[in-house]
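A.B. asks: Chain B is already provided as a structure; the job is to place chain S on it using the hints.
Below, each chain spelled out in residue letters.
There are 2 protein chains.
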Amino acid sequence: MSSEPENPSSSTAPPPEESGEKISKKAAKKEAAKLEKLRRRQEKEEEEEASRKTASLSIEEESFSRNYGDVTLNELKSTEDPKAGKWREAVEGNEWTDVRELVEAMAGTEVLIRGRVHTYRHVSSKKGFLIVRQKGCLVQCVVTESKENHVSVNMVKFVKQLNSESFVDVIGYVVLPKDPVTGTTQQVEIQVRKVYCVNSALQQLPLYVEDAARSEADIQAGKPGANQDTRLNFRVIDLRTATNQGIFSIQGWTQIGFIEIHSPKLLAGSSEGGSAVFRLDYKGQPACLAQSPQLHKQMAICADFERVFEVGAVYRAEDSFTHRHLCEFIGLDVEMAIHKHYSEIMDLVGELFPFIFNKINENCQKELEAIRKQYPFQPLKFLPKTLRLTFAEGIQMLKEAGVEADPLGDLNTETERKLGLLVLEKYNTEFYILHRYPSAVRPFYTMPCADDPNYSNSFDVFIRGEEIISGAQRVHDPELLTEQAKRFGIDVETIKMYIDSFRYGAPPHGGFGVGLERVVMLFCGLNNIRKTSLFPRDPLRLAP
Amino acid sequence: MSSEPENPSSSTAPPPEESGEKISKKAAKKEAAKLEKLRRRQEKEEEEEASRKTASLSIEEESFSRNYGDVTLNELKSTEDPKAGKWREAVEGNEWTDVRELVEAMAGTEVLIRGRVHTYRHVSSKKGFLIVRQKGCLVQCVVTESKENHVSVNMVKFVKQLNSESFVDVIGYVVLPKDPVTGTTQQVEIQVRKVYCVNSALQQLPLYVEDAARSEADIQAGKPGANQDTRLNFRVIDLRTATNQGIFSIQGWTQIGFIEIHSPKLLAGSSEGGSAVFRLDYKGQPACLAQSPQLHKQMAICADFERVFEVGAVYRAEDSFTHRHLCEFIGLDVEMAIHKHYSEIMDLVGELFPFIFNKINENCQKELEAIRKQYPFQPLKFLPKTLRLTFAEGIQMLKEAGVEADPLGDLNTETERKLGLLVLEKYNTEFYILHRYPSAVRPFYTMPCADDPNYSNSFDVFIRGEEIISGAQRVHDPELLTEQAKRFGIDVETIKMYIDSFRYGAPPHGGFGVGLERVVMLFCGLNNIRKTSLFPRDPLRLAP
Numbered sequence: 001m002s003s004e005p006e007n008p009s010s011s012t013a014p015p016p017e018e019s020g021e022k023i024s025k026k027a028a029k030k031e032a033a034k035l036e037k038l039r040r041r042q043e044k045e046e047e048e049e050a051s052r053k054t055a056s057l058s059i060e061e062e063s064f065s066r067n068y069g070d071v072t073l074n075e076l077k078s079t080e081d082p083k084a085g086k087w088r089e090a091v092e093g094n095e096w097t098d099v100r101e102l103v104e105a106m107a108g109t110e111v112l113i114r115g116r117v118h119t120y121r122h123v124s125s126k127k128g129f130l131i132v133r134q135k136g137c138l139v140q141c142v143v144t145e146s147k148e149n150h151v152s153v154n155m156v157k158f159v160k161q162l163n164s165e166s167f168v169d170v171i172g173y174v175v176l177p178k179d180p181v182t183g184t185t186q187q188v189e190i191q192v193r194k195v196y197c198v199n200s201a202l203q204q205l206p207l208y209v210e211d212a213a214r215s216e217a218d219i220q221a222g223k224p225g226a227n228q229d230t231r232l233n234f235r236v237i238d239l240r241t242a243t244n245q246g247i248f249s250i251q252g253w254t255q256i257g258f259i260e261i262h263s264p265k266l267l268a269g270s271s272e273g274g275s276a277v278f279r280l281d282y283k284g285q286p287a288c289l290a291q292s293p294q295l296h297k298q299m300a301i302c303a304d305f306e307r308v309f310e311v312g313a314v315y316r317a318e319d320s321f322t323h324r325h326l327c328e329f330i331g332l333d334v335e336m337a338i339h340k341h342y343s344e345i346m347d348l349v350g351e352l353f354p355f356i357f358n359k360i361n362e363n364c365q366k367e368l369e370a371i372r373k374q375y376p377f378q379p380l381k382f383l384p385k386t387l388r389l390t391f392a393e394g395i396q397m398l399k400e401a402g403v404e405a406d407p408l409g410d411l412n413t414e415t416e417r418k419l420g421l422l423v424l425e426k427y428n429t430e431f432y433i434l435h436r437y438p439s440a441v442r443p444f445y446t447m448p449c450a451d452d453p454n455y456s457n458s459f460d461v462f463i464r465g466e467e468i469i470s471g472a473q474r475v476h477d478p479e480l481l482t483e484q485a486k487r488f489g490i491d492v493e494t495i496k497m498y499i500d501s502f503r504y505g506a507p508p509h510g511g512f513g514v515g516l517e518r519v520v521m522l523f524c525g526l527n528n529i530r531k532t533s534l535f536p537r538d539p540l541r542l543a544p
Numbered sequence: 001m002s003s004e005p006e007n008p009s010s011s012t013a014p015p016p017e018e019s020g021e022k023i024s025k026k027a028a029k030k031e032a033a034k035l036e037k038l039r040r041r042q043e044k045e046e047e048e049e050a051s052r053k054t055a056s057l058s059i060e061e062e063s064f065s066r067n068y069g070d071v072t073l074n075e076l077k078s079t080e081d082p083k084a085g086k087w088r089e090a091v092e093g094n095e096w097t098d099v100r101e102l103v104e105a106m107a108g109t110e111v112l113i114r115g116r117v118h119t120y121r122h123v124s125s126k127k128g129f130l131i132v133r134q135k136g137c138l139v140q141c142v143v144t145e146s147k148e149n150h151v152s153v154n155m156v157k158f159v160k161q162l163n164s165e166s167f168v169d170v171i172g173y174v175v176l177p178k179d180p181v182t183g184t185t186q187q188v189e190i191q192v193r194k195v196y197c198v199n200s201a202l203q204q205l206p207l208y209v210e211d212a213a214r215s216e217a218d219i220q221a222g223k224p225g226a227n228q229d230t231r232l233n234f235r236v237i238d239l240r241t242a243t244n245q246g247i248f249s250i251q252g253w254t255q256i257g258f259i260e261i262h263s264p265k266l267l268a269g270s271s272e273g274g275s276a277v278f279r280l281d282y283k284g285q286p287a288c289l290a291q292s293p294q295l296h297k298q299m300a301i302c303a304d305f306e307r308v309f310e311v312g313a314v315y316r317a318e319d320s321f322t323h324r325h326l327c328e329f330i331g332l333d334v335e336m337a338i339h340k341h342y343s344e345i346m347d348l349v350g351e352l353f354p355f356i357f358n359k360i361n362e363n364c365q366k367e368l369e370a371i372r373k374q375y376p377f378q379p380l381k382f383l384p385k386t387l388r389l390t391f392a393e394g395i396q397m398l399k400e401a402g403v404e405a406d407p408l409g410d411l412n413t414e415t416e417r418k419l420g421l422l423v424l425e426k427y428n429t430e431f432y433i434l435h436r437y438p439s440a441v442r443p444f445y446t447m448p449c450a451d452d453p454n455y456s457n458s459f460d461v462f463i464r465g466e467e468i469i470s471g472a473q474r475v476h477d478p479e480l481l482t483e484q485a486k487r488f489g490i491d492v493e494t495i496k497m498y499i500d501s502f503r504y505g506a507p508p509h510g511g512f513g514v515g516l517e518r519v520v521m522l523f524c525g526l527n528n529i530r531k532t533s534l535f536p537r538d539p540l541r542l543a544p
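In the order they appear, the protein sequences are chains B and S.
The first sequence begins at 1 in full-length UniProt numbering and counts up one residue at a time.
The second sequence begins at 1 in full-length UniProt numbering and counts up one residue at a time.
Just chain B, same shape as in the assembly:
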């Protein structure tokens, strides 16, 4: 990016005759252009030479080219189809190994890892060292041109041009390095066989992880650091340092790899562009109370927290006088990086809730008995393996029962309840997932389905015919996100910070949110959410 005005006759540019400095600048520019030309020519020659040398491989090259490349957004949208592309073919049936798990004992085995391009050191057109980072752990991946391994010089070139902080999937063999590797956390290397760019970060980042990670001693010794304001402004990059990963792991870590986060409820402007927000004055700035931790939990994912959850207050200023709405409620929000598709999120939901239900039934027998005595209810019927239906299947079930519902619209409360009864009758469960919702009824940041953009990679979960959970894969591609925001009539300028956080390298991800008072209400078959809120807040009640 040049800071020079594009049009020299522009009124903001000083007239050339006024400035002697301008002339030397021009000369410098000329010189720089000459050097750049030279550099390009050398690069071209190098490439041509490599190309000549690999001419004999040209037939193989076509098959070798399947071993590297960019993962298309379409592949990341689709669900199970392995024909989607070369990346999908390469990872199909493979499990991802965490970088921190790469140890000497794995030498000789093939692994698939996903991480960020931390740094790259170019040795020659035939060899390079790619350092991949995942949650603060680093591993050296060696890319070496090899006919035997189906690694072409073009693959080396592909790796060379990856922007740092981009996400890559690397498939390769774990090898023991001859000399101890310095500068990485893992003491093994990966001999790369395949490499795919899952998501590309901007070439120029507003903050570099190395600078944010610099110690005081290094800064005093003259190395570049980053000041606190820059770090906090670009917190989504700053949080990726090993230090910050450590600080926030200490604060909340669970055994299944989720980090508990606490996102701010005080936001500048108005959150998500909604109208039903509580507004307040924050030291002279307009502010509002968060309607959900959506933005911040996604930012935590872009900051390499991988799997996060939050239990915290959610604020809705809606005038809903129903049995199931509150103006302040406790949300459980989950967000997670996904490897292949959004069914990974549904897998979690489908396992987590039956687990919770079983635990309550086991550990809270006396409590349930006490509740049942005053408010009789039947135990919730749920399956060990949670039922999953598509929205279209739901519409079809309703249709067969004589209930018409718009296949591209939303279900109303009554229709949801009716569907709940049909599902109970047919599948004997009061807990199920309905997915592939019409795109039109989901937020702009919802990932559309690969095969039909009228539907989206999203789901709702129902208990006793009432919706309790909404979840989806998110759009992590800034261009598609911008396009969808515009289509939904959102002024993209107001969500610039949100969109920008996906430009610094973002993994495919998704999550869900659930109102905890509502879960307890429906689990216990209670008729009013005020019964499960300690000190409820509704449009008329602000006390005690």
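These aren't lab readings, by the way, just hints derived from the structure by calculation.
Some clues are possibly wrong.
No copy is singled out in the list; a pair is fine if it fits within one copy or between any two copies.
To be verified - In silico DMTMM-like cross-links for lysine to aspartate or glutamate, where the CA-CA straight-line distance does not exceed 25 Å:
| no. | residue 1 | residue 2 |
| --- | --- | --- |
| 1 | Lys366 | Glu210 |
| 2 | Lys135 | Glu369 |
| 3 | Lys373 | Asp218 |
| 4 | Lys359 | Glu260 |
| 5 | Lys147 | Asp218 |
| 6 | Lys160 | Asp179 |
| 7 | Lys373 | Glu216 |
| 8 | Lys366 | Glu216 |
| 9 | Lys381 | Glu479 |
| 10 | Lys127 | Glu45 |
| 11 | Lys399 | Glu216 |
| 12 | Lys135 | Asp406 |
| 13 | Lys373 | Asp98 |
| 14 | Lys44 | Glu260 |
| 15 | Lys373 | Asp211 |
| 16 | Lys126 | Asp179 |
| 17 | Lys381 | Glu369 |
| 18 | Lys223 | Glu369 |
| 19 | Lys373 | Glu306 |
| 20 | Lys359 | Glu467 |
| 21 | Lys37 | Glu318 |
| 22 | Lys135 | Asp347 |
| 23 | Lys126 | Asp538 |
| 24 | Lys373 | Asp229 |
| 25 | Lys486 | Asp500 |
C.D. replies: What follows is chain S alone, placed relative to chain B:
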């Protein structure tokens, strides 16, 4: 309470001549008065008869009278002095047993329980059945006049006049009833030896637990219920039902008997009367963001949750531009009923934090290493048994080191840090409790010391010379609370709801609050709280 106008000539009362009904009402009133007179006479005769019969016991009665009575507030303020009164003498060396733990196997053993007066059934001047309730569990306590057991008729009378929802300490023997007890959860009885009223509830309550606990079926069968608004208005009573104890136990329960609560952050008016609050419009009502969960966690205790904790956002609109203040931070708040004195709270703090520190040191070695690499720090020095010093001792240590500090004032940041160094030098710990703070520097709801009202049953906790925790015993006596609020210049009308919640029966209690970002900052020896807040909010920063 009569709904008749007290002054019949009042303009709101209809003139007598207009209403024929009035005359019959008058007649009814006359009749009622006659009956009431009769009832009182009978009661008096009964008492006199009892008194006559026990005349021979009059010498013993003086010693028997030590076995019942009201616990003085002074006893509940003081710490270790067993001479404080008959209650203190009776419970000294005794442990409280939970009502839910009373089972057949305990028959013959003496127990001490604390609970609320649920109901009382009077049999005669010599016998009564007191049902005691603790966290939704009920046990029948039999009070029988007995020379052998040192139980006088006056003690039976004392029990008879206890208001329901008052707190009592009962000492007695566990006995197996001849017939199965109906209407209680526990299948054993207690033969009462001693009974003390720890806290008295109002005689007339705005809501009765039995009414709040009524099932739909019972209400339809004609029994009195309570509507939702009444129940939510007097939530502190409503939450005492077994049903509500069940609902909120399901939502969050820990192994050491603490229930996790979520209190509302949206409050009517301005919380705690402070000026540094964020104000907002709540559907036309003035509202503010909670500066602490103080009110609601205390209400949870008055609602029989016994031991609660909350992890949630705390809002401070202060213009503090320091390394350790944020406008929104995560507070860990704890509140608990106490049996004897506030050292029970300090015991918890003194055990909990070393436990947490040890767990972090054990489980987060890699994380601590990563943090230390960028921000070098020494491991925190703390003792297995947390050091406890009085404020006066702290002042004395400072004095000996040549630092003058007001013995009835607060310590400033610099003096706190100095004291931290002196404590480290003398006791080799960077974590300690300083207690018995001057009353003048603590909130109005802090319990004064029994031996000197200039000091209070309060404490602060320090890490590396910086305050991280503030805690205290609270005033649970509404009269003393009113008096102290006035002395602090608080308009008691604005905190009426808060004070009133102690009129419906409240146990002695206390608790503490701690900022979690500050704990992590100081544990890791970091120099700025923005390093341990995910997306910090300070007077100038409201994004990202």
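A.B. asks: All the hints need checking, so say for each whether the structure fits it.
C.D. replies: Taking the hints in turn, this is what the structure says about them:
In this assembly of identical chains, lysine 366 and glutamate 210 lie within 25 Å of each other by CA distance solely across copies; the values are 19 Å between and 55 Å within a copy. Proximity of lysine 135 and glutamate 369 under a CA criterion of 25 Å is satisfied inter-copy only: 14 Å between copies versus 45 Å inside one chain copy. Taking the closest pair of Cα atoms, lysine 373 and aspartate 218 come within 25 Å of each other only across two copies (11 Å); inside a single copy the shortest separation is 67 Å, beyond that limit. For the homomeric pair lysine 359 and glutamate 260, the shortest alpha-carbon distances inside one copy (21 Å) and between copies (17 Å) are both at most 25 Å.
In this homomeric assembly, lysine 147 and aspartate 218 never come within 25 Å of each other (Cα to Cα): the closest approach is 43 Å inside a single copy and 84 Å across copies. Taking the shortest Cα distances, lysine 160 and aspartate 179 sit within 25 Å of each other inside one copy (23 Å), while across copies they are farther apart (86 Å). In this assembly of identical chains, lysine 373 and glutamate 216 lie within 25 Å of each other by CA distance solely across copies; the values are 10 Å between and 63 Å within a copy. In this assembly of identical chains, the alpha carbons of lysine 366 and glutamate 216 lie at most 25 Å apart only when taken from different copies (20 Å versus 57 Å within one copy).
With identical chains, the CA atoms of lysine 381 and glutamate 479 are never at most 25 Å apart, being 43 Å at best within one copy and 52 Å at best between copies. Within a single copy, lysine 127 and glutamate 45 get their C-alpha atoms as close as 17 Å, which meets the 25 Å cut-off; across copies the closest is 109 Å, which misses it. Proximity of lysine 399 to glutamate 216 under the C-alpha cut-off of 25 Å is found in neither arrangement, the shortest distances being 67 Å within a copy and 37 Å between copies. In this assembly of identical chains, lysine 135 and aspartate 406 lie within 25 Å of each other by CA distance neither inside one copy nor across copies; the values are 44 Å within and 50 Å between.
With identical chains, the CA atoms of lysine 373 and aspartate 98 are at most 25 Å apart between copies only, with a shortest distance of 22 Å across copies and 49 Å within one. Proximity of lysine 44 to glutamate 260 under the C-alpha cut-off of 25 Å is found in neither arrangement, the shortest distances being 50 Å within a copy and 65 Å between copies. Taking the shortest Cα distances, lysine 373 and aspartate 211 sit within 25 Å of each other only across copies (14 Å), while inside one copy they are farther apart (62 Å). For a Cα distance limit of 25 Å, the shortest separation of lysine 126 from aspartate 179 inside one copy, 21 Å, qualifies, whereas the shortest one across copies, 92 Å, does not.
Only within a single protomer do lysine 381 and glutamate 369 lie at most 25 Å apart by alpha-carbon distance; the minimum there is 17 Å, versus 48 Å between protomers. In this homomeric assembly, lysine 223 and glutamate 369 come within 25 Å of each other (Cα to Cα) only across copies, at 21 Å, whereas the closest approach inside a single copy is 65 Å. Proximity of lysine 373 and glutamate 306 under a CA criterion of 25 Å is satisfied inter-copy only: 23 Å between copies versus 43 Å inside one chain copy. With identical chains, the CA atoms of lysine 359 and glutamate 467 are at most 25 Å apart within one copy only, with a shortest distance of 22 Å there and 39 Å across copies.
Taking CA atoms no more than 25 Å apart as the test, lysine 37 paired with glutamate 318 passes in neither setting, with 61 Å inside one copy and 57 Å between copies. With identical chains, the CA atoms of lysine 135 and aspartate 347 are at most 25 Å apart within one copy only, with a shortest distance of 23 Å there and 38 Å across copies. With identical chains, the CA atoms of lysine 126 and aspartate 538 are never at most 25 Å apart, being 66 Å at best within one copy and 51 Å at best between copies. For a Cα distance limit of 25 Å, the shortest separation of lysine 373 from aspartate 229 across copies, 21 Å, qualifies, whereas the shortest one inside one copy, 57 Å, does not.
For the identical chains of this complex, lysine 486 and aspartate 500 are intra-copy neighbours only, at 15 Å inside a copy versus 54 Å across copies, given an alpha-carbon limit of 25 Å.
Hint compliance for this structure: hints 5, 9, 11, 12, 14, 21, 23 are broken, all remaining hints hold.
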